[in-house]
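Got two chains here, each in a separate frame; can you build the complex from them with the hints?
Residue numbers (the working numbering), protein chains in the order written: chain A, 1 to 112; chain B, 1 to 112.
Source of the hints: derived by calculation from the structure; they are not laboratory data.
No more than 16 Å apart at the CA atoms, straight line, and that leaves these computed lysine to aspartate or glutamate pairs for EDC-like:
#1 B:K56 x A:E100
#2 B:K99 x A:E30
#3 B:K26 x B:E5
#4 B:K99 x A:E59
#5 B:K99 x A:E100
Far from chain A, by Cβ distances over 12 Å, these chain B residues were calculated:
#6 G16
#7 E17
#8 H57
#9 R62
#10 D66
#11 R80
#12 D83
The structure presented is a predicted model; accordingly, all values stated were derived computationally and were not measured. Yeah, the Cβ is synthetic: ideal placement off N, Cα and C, and Gly gets one too.
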Amino acid sequence: NAGVTQTPKFRVLKTGQSMTLLCAQDMNHEYMYWYRQDPGMGLRLIHYSVGEGTTAKGEVPDGYNVSRLKKQNFLLGLESAAPSQTSVYFCAGTRVRGSEQFFGPGTRLTVL
Amino acid sequence: SQQGEEDPQALSIQEGENATMNCSYKTSINNLQWYRQNSGRGLVHLILIRSNEREKHSGRLRVTLDTSKKSSSLLITASRAADTASYFCATVLPGANSKLTFGKGITLSVRP
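Same shape as in the complex, but just chain B (with noise of 0.2 Å):
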């Protein structure tokens, strides 16, 4: 069963453009994790927020966290066409062992 849920499943925008990318997810987490993945790569871990926190940045990327309403948002600033790739949000459970559970994914293509 999907925990988190992607919106949008594809993004297209113009180089220079922010990229705004959403999950939401279903039952308390112990945090929240974004994960890039180029094509025929393997997944790149960006950020990891817990969930008592609200906001962390890490570069040109800055998620968001709201517990009250399940949430999460990815924020990628000034894009460029290397961020052309698909972006994966994944939960982890209290006591859940350290499993991840992956939503389905959003593509994002940046065009130059």
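Excised from the complex, chain A in its bound form (with noise of 0.2 Å):
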């Protein structure tokens, strides 16, 4: 079992330029989470999904969006990449509401 996956795992843009994060999961995961970790902040979290079809917005959604097409993959898309977003970004996810989340290694995004 791969576990959570994270592509890419590093990537430098060009403000205003857009991509999309792909987090993946062979867990069986009916929760996902987006977080961003940023020196001396913690994890804060940008948008969620309880289930295959669905979204919400976290605590830091602004500039971002993500779709839950298939219960398996969670899509974090920048529209247009601000130096602000400059972040580690992280997935998470977990099959029972409230219990541990299962992390993914991370993408490093630099926005120049």
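Here it is in structure tokens:
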């Protein structure tokens, strides 16, 4: 089992470019999450999904969109990247509401 | 907004010593979780303690929860150099669709 995987691992964008981060899991997670991690800020929730076809806003959703067309995939999109979106992005999932979350290895994104 | 606040922000100890890390939170919780993050990696779940529990053990880890003081502590006994990492507490609020709210983390350094 691969667990929770993220693609790509690293990416450099120019301001205004767009990109999609892919999170894939083979752990049958019902709930999936996108976080960003910035120095001294801990992890902040961007968007989350409580099941296939559902999405909801987290703490810092502005500038991001998500889709969960298939249960095993959760996509995070940046339509017009800004330097403030330079961060490390983590995807996580869980099968049981409120229980432990399983994290992917992260995507380091730099926006110039 | 930060629900969990860890203390201290950084801790440096000698191998073999015990490490105690604290987490305080602001509102009633469903459960509290501790995670570890090695440098450049994703978060790994360590232990979950529910609001009706006072203490849990897992190997060299001991977690306590005091709901009257809205605080939790993580004790790592007989620390090893491999315990060097950042540690995060995260809370799940009642009825919060399983969302985790993370603190900013504690950096633990264990000197060989």
